[in-house]
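So the chains spell out like this:
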Amino acid sequence: MNMVSKNSGRWSIKDPVIAKDMHGVIGGISTLMVFPHKAHSEAEKETQSKTEGPVKMYQVESFSWLWSRQARKLINESVGTYLSLQAAVKEAEPDECKPLLVKKCREYRSMIQACVEDVNMSQECEDQEEIKACGQLLYKMELILSLIEILFIDIKPGGLVLGQLVMWIRVHFTQCIEKKNEAMESDHPHLHPAYWEAVYGGVSVAEFTVRWQHWQSECERRLQEGHFTTCHQLQTVCKILCGNQQTINSLIDLMDTWYHLMVSTLLFTCPTVKLFRLHNAAQDAITSIGGEQRTTPLDNVLLAAMEADTHQVIKECQQVLDNTWFTAHVTDLLCHTMGQKTGQKFLPELRESLLLDYASVLVSHSSLWQVGILYLDHCGASGIAMSQMVLQRLPLTDDSCVHKIIQMASDRNFDSIIVGVCRIMGRRALSQGRLGSAIWWGVRSRDAAFTSHLAHQILHKYVAEGRFESSQLLDHLGPAMLLSDTLTFLGKYREFHMMYQDGNFQDAATLLVSLISSKLAPEYFWPVLLLDALPLLKSEEPVISAEQTYELMYCLHNLHNHTCKRGKQGPLENEVASSAFIEKERDIRLALSNNLARAIIHEGSIEN
Amino acid sequence: MFVAKSVNAEHKDLIHDVSFDFYGKRMATCSSDQSVKIWDLNEDGEWVCTASWKTHCGSVWKVTWAHPEFVSGSGNGIHSTWIKRAGLVDSRTSVMDVKFAPKIQGLQLATCSAGGVVRIYEAPDVMNLNQLHAPMIAVGSDDPNSGSGGKVFIYEFSANTHKWTKVETLLTVTEPVHDLSFAPNLGRSYHLLGIATKDVRIITLKPTKEDSTQNQSSLSIFEVRQAGQFDDHGSTVWRVCWNLTGTILASSGDDGCVRLWKANYLDIWKCISTLRGEAVENVTDAGTTGGSLQQSGATGSGHNTARYFKLAPTAHPAHVPWH
Amino acid sequence: MVGKAVVSKKYVSRKVKAVRWKPPLSDYGRTDTLVTGSWGDTENVVGVWHVPESEDDPTLVNQLMHSGNVNDIQYVTRDMFAAGSSTGGVKLYKHNNSNHIEEKMSWDRLHSFLGGAAPCTALATNGDQIASVGEDGKLVIINPNQKATNRTIESVGGCSVYAVVYVRASEVVTANMQGHLKLWDLRASQPAKATLLSPDQIAVCHLAGHPTQQHLVAAGGEDGALAIWDMRNTGQPFSIISAHNGPISEVKFHPGAPEHLFTCGLDGQLLHWDASASARPTHMSSFKSTRELPGGSVTVWLSSDVARGAIDTTCVIPQSPLPINSIDVEGTTLIAGSDNEAIFTVRKVMLY
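Residue numbers (UniProt numbering), protein chains in the order written: chain U, 1 to 608; chain E, 1 to 323; chain W, 1 to 352.
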């Protein structure tokens, strides 16, 4: 990460076939399929030309550290903090916000630290270089985040920052402490080359006391009186303590970085430095250490932070860190800290855009999409729209996954998504020949046309096979039955069967006739209904009234006419059922007229 | 950073089009070899050709997928047979492009032909459609005469008259148009149109305020703004294609490059990546070198998952500022 | 009681679909090993974890790649477990002396429908048999040491079966997406014994058998309600109590103290149901067939309090924003696996 170009990244695929001309098609959110291609006009001219070598396509995907197993721990842990932060900020009084944000920022930091430990401990046979890069990335993230915490979030009254900065240097630059340990472990500490380096370095990060000024003038006096002339090293220490810039600068090699130098200098020259003066000190330190030519992208982030330029901080963070996790969370924290301030009005929009970027990385991952949806909940209208798009397009691999998608959609009141998913599941079940499952999903999708279609299929099957496949489902449709006319008919027809089986012939007959007269029954099913009526017509006690018999006769009449018409045109739809019906037609006619006679006599005798 | 894995296309000639299905887990390719192939992602994440057939009597230029609510296909399994549901024999000249309408408009298919005719086919009564906005279609002409004015036309469908009416001509685009595509609209107040012409154009179409208060029968009026014009390709641009979120546009041109474009939070568009092919055999093809992304953890199991290789940066290993 | 519970959350970089304690060596012993199965990843795994007696996080012992999502894990013996896959197969794993696992046996495509493999959704074992159910609606019985399947019971209509549990050595109950519970007698040639209907087509997502009262089955519903079924009275559930705000993913009776029950759900909640305070049931006339074995106690789950839905439920962990997929409990320690790519270890979850 030395050179950073402000231009676009350029990447190459080594394949001569593709080198001449290629096209790219985006699939999903971040998959690009690249394939060799020639322009239309050209290809048409030389249609005979075949390509040399095998034709290959390349599936190109953006790849970031976020896909690594270590990062996934951070992703999954931080979502909890992120969500609780959003909820807490909404409810918090303005004066409660700061401690809250500091607390959340520290939570993020401790997560990163835990990840660092985890990376250091990982003994898995992975790429050592990758592990090292991962460790460095996490270290940088923590370094920047803790500085941001000091400079933007956990601002002390009066703008005094040096104490925190000293701590910051001490925690992150352990070189001095290591040297001290190294020197102390040798037999003659003061002879060890590291001894004095440790002493100088140690001084520079020493705790500041209130008696500093008094103490410093005391030092200066002694220095001038020549107390230390016998020992050159002691003299140097004393000069440092006196804030002698020249001396401090001469020790630059002992400082890891310009910020180490800056903090050291400030400590002995201007311990009460205010936040807003920090950028001058930072510039001085950078100049002393070699000017801007020697600064790294990380330096730029820290410098921007010292200069209190939030926009620049975020921008530089994107350069340093190969992930959207950091910028999204930092911008979220900064937005909640200072989003309302003048000059920072860009923060809410930038926050939303960076969170969307982060979430879109997550939702394109086979496992992390659920976490992505949680982030989208806090990204305004675009977040909701993206969330809907994602939930629609998740591959419906199995029922348990579908239930999860439906749950997430229903938590967010995305009714149309649920309908769409159920509809697709219903169609898929139908294509697999699983009618019961298809109806279940169809009912869920509240798709009348589809459930009608399914109900017709079941009726056709019944006509052909004489039995119901999913009778238990049909018997317990409940209010779902009203979804479509055909489904209603199917449910009612099953009710008829139950009544008949229970020996409740009177009610069964009434229901049957009403099914015919209400025109709920599809025409191809009329023969079945008339055949069903046959035993009822022949029952010992008349159960079908005269009026009902007329209805049945009317139905038979229509059916006869239709079959005659169609018989001339070609073969019938349901061969089996129709031939059975034609055989029985005479029988039915006879039974109808017998029943009519019986019913008229019976009804007449009751009236009398 | 980018990683890639190669897929042996099995086509005997150049590929004209690749199209992903709704979920991105199934892919169709078509080629000069007159064949169409269907690919499925297997359990190990590799593309496997699961169906292939010869079609028509000439090159197949374009393939496209309908919404899964209109077609029933098995998500788990692999279809051994594909049924050509309907053949539309209509245009007499070569069909240059074909696209399905968004799901909300039902099963609609638009084609355009070399003869300069746009045809819209519709399968009626598939389901109840609640139309919130009048359907729109953008058509680009590759008429080489740049003096004949704007080359991109926006048509809108009126539910009352059942007619498509031209509502806008993009006068800024006067060079031949080779491809254009509306970005999926995820909560934006305007439409985004990507255009491939002599350069890459990104146009925003914002419905004017008065329009929303009027009833559906009146035609929309748009405020047209050019959000970007980029000649990075330095040559003719042939294809443009959006990602699902409508945030990234891919363009490919005669310079042999594929470029990716993205807007920052202030809607300023920038090229974020450029991909090109290099006339060198790739050693990583064998799948032996190059970092495998799949981390095997502490397991010794010999699962053979699809191997990715890292793309080599040609210039600077830049991390692009995206805001 | 809950206040003293110690919760630790270990991030494991994969979504956890199933967690199971390795059974203790003796009935009253302690176990320090658990197994997990992942789902929805580019590479799914079956993993073995060591749970220290201190309050530290579990540590990974070893893991094996698994083809497809691990939809369920059930121990067949004390050192052998079966894992059901979304690719329709079942695999048998065995712990070796160092607790590492190796694959012992594999049955591919036990479940399939037109056009490909059907996911296996749940497993149950009775010690020498494994029952597997899937989205193809089939109930398949296999013997751990036989490659050939023992028995396949097809369903009609192809409704997905989501849960299975042994209620006796040769009787299983299955539950499907329509909320139908079916009792099968595996010895009979016509195995269907009874069908139990939960109302309103609400899918039953998981079943748990009472460890000692074999006629008692708890069913977790898609609507977040827990149904208690008495298999001797199959007309309707004994009690239905709403608790979760979404489908219940698993239900588990405490093996040693079965008046405690745990449920977890897609709403991210993990609930502890304590029926110990419920009154013992009075003899109800409706249970004509109740003929308890001598000494067989009548369970608190059939008490009038439970019937009224009056039962204490407490949240074991703060509600997670993502589904909790699986739970298991042994002694005083409960484990749970979540879509937050974490394993929860809850120590001192109850006094025991």
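Any given hint might turn out to be false.
[Unchecked claim] Simulated restraints, written as ranges between beta carbons of each label pair:
hint : chain 1 : residue 1 : chain 2 : residue 2 : range
1    : U       : Ser517    : E       : Asn42     : 27 to 33 Å
2    : U       : Ala308    : W       : Asn99     : 54 to 60 Å
3    : W       : Arg30     : U       : Gln344    : 55 to 61 Å
4    : E       : Gly45     : U       : Arg446    : 34 to 40 Å
5    : W       : Arg30     : U       : Ser84     : 48 to 54 Å
6    : U       : Ala92     : W       : Arg30     : 33 to 39 Å
7    : U       : Asp415    : E       : Lys12     : 47 to 53 Å
8    : W       : Met65     : U       : Gln128    : 41 to 47 Å
9    : U       : Gly466    : W       : Thr31     : 27 to 33 Å
10   : E       : Asn42     : W       : Asp200    : 38 to 44 Å
11   : U       : Ile131    : E       : Phe100    : 53 to 59 Å
12   : U       : Ile131    : W       : Glu102    : 25 to 31 Å
13   : E       : His162    : U       : Gly466    : 45 to 51 Å
Think of the hints as simulated: they come from the structure by calculation, not from any bench. Ideal Cβ placement from N, Cα and C applies to all residues, glycine included.
Evaluated hints:
1. A hinted range of 27 to 33 Å is violated for the C-beta pair Ser517/U and Asn42/E, which are about 56 Å apart.
2. Separated by about 55 Å at the C-beta atoms, Ala308/U and Asn99/W satisfy the suggested range of 54 to 60 Å.
3. Taken as a hint, the range 55 to 61 Å holds for the pair Arg30/W and Gln344/U, whose Cβ atoms sit roughly 56 Å apart.
4. A hinted range of 34 to 40 Å holds for the C-beta pair Gly45/E and Arg446/U, which are about 36 Å apart.
5. At roughly 35 Å, the beta carbons of Arg30/W and Ser84/U sit outside the given window of 48 to 54 Å.
6. Distance hint check: the CB atoms of Ala92/U and Arg30/W are about 44 Å apart, inconsistent with the given range 33 to 39 Å.
7. Taking the beta carbon of each, Asp415/U and Lys12/E are about 48 Å apart, inside 47 to 53 Å as hinted.
8. The hinted range of 41 to 47 Å is not satisfied by Met65/W and Gln128/U, whose Cβ atoms lie roughly 23 Å apart.
9. Distance hint for Gly466/U and Thr31/W: a CB-CB separation of about 56 Å, inconsistent with the stated range 27 to 33 Å.
10. Range check, Asn42/E to Asp200/W: Cβ separation about 39 Å, and the 38 to 44 Å hint holds.
11. A hinted range of 53 to 59 Å for the beta carbons of Ile131/U and Phe100/E is inconsistent with their spacing of about 46 Å.
12. Taking the beta carbon of each, Ile131/U and Glu102/W are about 28 Å apart, inside 25 to 31 Å as hinted.
13. Distance hint check: the CB atoms of His162/E and Gly466/U are about 46 Å apart, consistent with the given range 45 to 51 Å.
Violated hints, listed in ascending order, are 1, 5, 6, 8, 9, 11; each of the other numbered hints is respected by the structure.
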